[in-house]
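In the working numbering, each number is its position in the sequence shown, counted from 1, plus 12.
Keep in mind that the hints were calculated from the coordinates and are not lab data.
It is possible that part of the hints are untrue.
Across the chosen pairs, the derived CB separations fall in these ranges [unchecked claim]: (1) E54 - P22: 11 to 21 Å; (2) C65 - I37: 14 to 24 Å; (3) D24 - E46: 16 to 26 Å.
Calculated cross-link-like contacts (lysine-lysine; reagent style DSS-like; alpha-carbon spacing at most 30 Å) [to be verified]: (4) K14 - K41; (5) K63 - K41; (6) K41 - K71.
Glycine included, each C-beta is placed from N, C-alpha and C at the ideal position.
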Amino acid sequence: MKDIELIPDPIDGWIMMCPCGATEIRTRKCTRWETFELHALELNRYRITCKTCGNATEKRSLDSKIGVTSATPS
13 MKDIELIPDP IDGWIMMCPC GATEIRTRKC TRWETFELHA LELNRYRITC
63 KTCGNATEKR SLDSKIGVTS ATPS
């Protein structure tokens, strides 16, 4: 695994995993990730950056509920 993975949590949330081992589980009610930074890009795309190692991955948003569209730019 080279990219940061974002997968649905079976208990109504999201799991983010980086190849460095950094992992975070977040419910849909949360508005921020603690271990990862999300930056909205154009055309429903976003960049995920791991705060632990600096690894970054770009993805396309198919579900606005993951918090990307509500993430504050930094």
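Status of each hint after checking the structure:
1. E54 - P22: 11 to 21 Å: With Cβ atoms ~32 Å apart, the hint is violated.
2. C65 - I37: 14 to 24 Å: Since the Cβ atoms of C65 and I37 sit about 19 Å apart, the hinted range of 14 to 24 Å holds.
3. D24 - E46: 16 to 26 Å: holds, 19 Å
4. K14 - K41: Holds, at about 28 Å.
5. K63 - K41: holds, 21 Å
6. K41 - K71: holds, 21 Å
This entry does not satisfy hint 1, going by the numbered hints stated previously; all others are met.
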